[in-house]
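2 protein chains.
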Amino acid sequence: MKAIEWAKGKVRLIDQTKLPTEEVYIEIDNYEELACAIEDMQIRGAPAIGVAAAYAVALGADKIEATSKQDFLGQLKVVLDRLAATRPTAVNLFWALERMDMVAQSGKDIEAIKADLLVEALRMDADGEEANMRMGAYGAELIEDGYTILTHCNAGALATEGYGTALGVIRAAHGQGKKIQVYADETRPLLQGARLTAWELIKDGIAVTLITDSMAGYFLKGGMINCVIVGADRIAANGDVANKIGTYSVAVLAKENNVPFYVAAPTSTVDLSLASGDEIPIEERKAEEVTHIKGVAVAPDGVSVANPAFDVTPHKYVSAIITENGIAKEPYLMTLKDMVRGK
Amino acid sequence: MKAIEWAKGKVRLIDQTKLPTEEVYIEIDNYEELACAIEDMQIRGAPAIGVAAAYAVALGADKIEATSKQDFLGQLKVVLDRLAATRPTAVNLFWALERMDMVAQSGKDIEAIKADLLVEALRMDADGEEANMRMGAYGAELIEDGYTILTHCNAGALATEGYGTALGVIRAAHGQGKKIQVYADETRPLLQGARLTAWELIKDGIAVTLITDSMAGYFLKGGMINCVIVGADRIAANGDVANKIGTYSVAVLAKENNVPFYVAAPTSTVDLSLASGDEIPIEERKAEEVTHIKGVAVAPDGVSVANPAFDVTPHKYVSAIITENGIAKEPYLMTLKDMVRGK
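Top to bottom, those sequences are chains A and B.
Count along the first sequence from 1, then add 17; that gives the number in my numbering.
Count along the second sequence from 1, then add 17; that gives the number in my numbering.
Treat the hints as calculated values from the structure; they're not laboratory data.
Take these hints with a grain of salt, some might be off.
Note that identical chains are pooled: a pair holds if it fits in a single copy or bridges any two copies.
[Said to hold, decoys possible] With a cut-off of at most 27 Å between alpha-carbon atoms, the simulated DSSO-like pairs for lysine-lysine come out as follows: (1) Lys346 with Lys238; (2) Lys238 with Lys303; (3) Lys220 with Lys303; (4) Lys333 with Lys238; (5) Lys311 with Lys35; (6) Lys311 with Lys19; (7) Lys19 with Lys196; (8) Lys333 with Lys272; (9) Lys86 with Lys125.
With the hints as constraints, model all of the structure from the sequences given.
So, in structure tokens, the structure goes:
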């Protein structure tokens, strides 16, 4: 299952806001609409946002009518800037936009650049899926037969170019014939765990039990969970991990109960320019995501709301970071660099 | 505001499943209907369940036609057993039923017992509210001007005979002119924080910010919270506290971030017969509470669900237990006994 793909000059994506009750596919042929789809989380998940932005650049570039390469690059910058403004936390977005910018800068002429940009986006998409499968193989070594695994949010096929990061590890272990089961945090406010992770795992025939976020501690304390695996939106050089709000809580509860806490993410999620997670910008989203669920009010009118979409888990809570190039452990300051370099 | 009250031979309660979008009052004149209202959580919160059960016994007793005191007590036992089977975790229910049973046993004749039972229920109701106000006064000493207080679930007027336990402390501090603000966990699955706590605090003009349960750790880590106050459904002799699912997680996160974690509960919530929280029965509720929110599906059809309604916070995470007789601290094994004895 592909959350996003290139289909005959358009980008085709499954509208994740409508899952699991409706499977609606959208076709988009312009970058502005795709930028809105990223903002509205019709497409979400750090790696998927990266590849969506790359496709959006290709779409935007294709429509540019320019008289010179310089003119073209000037117009392309508007596209890049628009996409960079969609969501601030996941670094894969900026990583993808930088890669696309470099391709544009080094292109020969306008037509060649347009073609190069599409090739680059397609390559990113294919490389990403392949990287997830390698990540899955590395991560599966940490999963023993009979394990019960807790995950938070959705780091599955829907969040990536395919296969998934955290769910990729789970898929790989399942594929090896290990009997595993998953506890999925529902992940308020937008319920990606209930709506997307449960849906993906049921499709794949992997046993899943849905719980509210507030129950994770109960099952960790009760000895029901053998390990936690989550994805990431940005990882600082020291191993601090930004991920969906609530991840930090799960990590603290895992450590308190001596349960390993693993992060699975491609090296494009690692931001070596940031010394620690304190520097990662945290997106604040609108109040309605908390006060309304699928349009139904669950709080008094006009109540004040805070809605940070991410939190940062300090590296001391992170037992290992699984990447497509291997498994990083403390000291992350050294091991993450090696992973990024592909050592 | 009274969640439950005696009104001319009937019990009048506000249907808490409909708040905050609708304020619907129900009048009940028979114990079976009131038992169902407890099960369906139209009335909820440990102290409120206790007084509701007491009124239900009075309603049930009034309808008994018996030929002898022995016959009467036999029929009353059916009423007591039915009510004891409504919800297993909150000990106030059993405490109230035992008190009502003792009154019945020691009554002179059938008519006297019927009258005594109603008087006892009314006294329990009035005593409970008065106890909450004393608890509030004790607890307010722990709250400094300018504090931001995190609470989980609803331990307010709606959960009690009036005024509230955790929210009673907050009300008392507010009443003393201290500038405080509250962060309210929404408290999935039934959203008592979003629906009830936010509603109560807005009514009282106390500043409240609604957050999802998964955000509590973020704000505790960020240094935004000065203390946590929650209610309790049962407290073991060693100070272990059963309360709404998610309370344990908040307690661990508070300790990890050096934020005091307070429990406010009347001594009727203390169960000295249990050595530790491991012995407290945890109610498992139906899957639909997790898979549907106000009737709207938020998860795939047929997904497995776990839905424990409570968890147990070990006493090592509990900074103090605020009762109507004073504030208990470690060693709880000694101090809680003193509180129960009224020392």
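Quick rundown of the hints versus the structure:
no., hint, in the structure
1, Lys346 with Lys238, "both (24 Å within a copy, 24 Å between copies)"
2, Lys238 with Lys303, "between (33 Å within a copy, 22 Å between copies)"
3, Lys220 with Lys303, "between (31 Å within a copy, 24 Å between copies)"
4, Lys333 with Lys238, "both (19 Å within a copy, 14 Å between copies)"
5, Lys311 with Lys35, "both (9 Å within a copy, 18 Å between copies)"
6, Lys311 with Lys19, "within (24 Å within a copy, 32 Å between copies)"
7, Lys19 with Lys196, "within (25 Å within a copy, 52 Å between copies)"
8, Lys333 with Lys272, "both (9 Å within a copy, 16 Å between copies)"
9, Lys86 with Lys125, "within (8 Å within a copy, 102 Å between copies)"
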